[in-house]
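Asker: When we follow numbering that gives the first Met the number 0, the leftmost residue of the sequence shown carries the number 0, and every step to the right adds one.
Worth flagging that the hints you see were computed from the coordinates, not collected in a lab.
Owing to the predicted nature of the structure, the values given are computational and were not obtained by experimental measurement.
Even glycine gets a Cβ: it sits at the ideal position worked out from N, Cα and C.
Mixed in with the good hints, there may be bad ones.
Claimed, not checked - Straight-line C-alpha distance at most 25 Å; calculated PhoX-like pairs for lysine-lysine:
1) K53 <-> K91
2) K53 <-> K76
3) K53 <-> K87
4) K4 <-> K50
5) K91 <-> K76
Said to hold, decoys possible - FRET-style restraints, in silico, Cβ to Cβ:
6) S33 <-> D9: 21 to 27 Å
7) N77 <-> E12: 30 to 36 Å
8) S85 <-> I48: 17 to 23 Å
9) S22 <-> N99: 26 to 32 Å
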Amino acid sequence: MDLYKEEVMDHYEHPRNVGEIESPNLQGRDSNASCGDMVQFQLAIENGIIKNAKWQGIGCAITTAAASKLSEWLVNKNIEDVKSKSEKELTKLAIGFEVNPGRLKCLTLPVRVVKRIWES
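Model the full structure from these sequences, guided by the hints.
Answerer: Written out as structure tokens, the structure is:
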């Protein structure tokens with residue numbers, strides 16, 4: 000199994016930061032209508048820094064792995080830095096793996112949720 004598949008399977012089988020934050024500063028949710036995947040993110044922010052990121056959801060291996068990796072990456076990031084990144088930049092920085100075009104919505108769903116949090 001190549002490194003990409005091992006990493007995806009590790010985050011799928013042992014997702015990080017699943018759960019809820021008792022009093023989140025920000026939260027958002029979105030779904031992928033074509034497959035039924037759903038992801039919700041909650042963020043705890045102190046002095047402009049993301050101190051905690053939790054997520055819950057139902058999804059395929061790619062969506063789950065992407066949410067897990069994104070939740071790890073977000074912790075201790077400056078909120079303004081995260082907000083300034085495009086969806087494409089955030090996907091590359093935080094998730095770091097690519098998929099075929101047919102699975103792109105699975106990969107980017109968690110990033111879309113976080114990007115839309117600022118709008119709520």
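Asker: May I ask which of the numbered hints given earlier this structure violates, with the numbers listed in increasing order?
Answerer: 4 and 9
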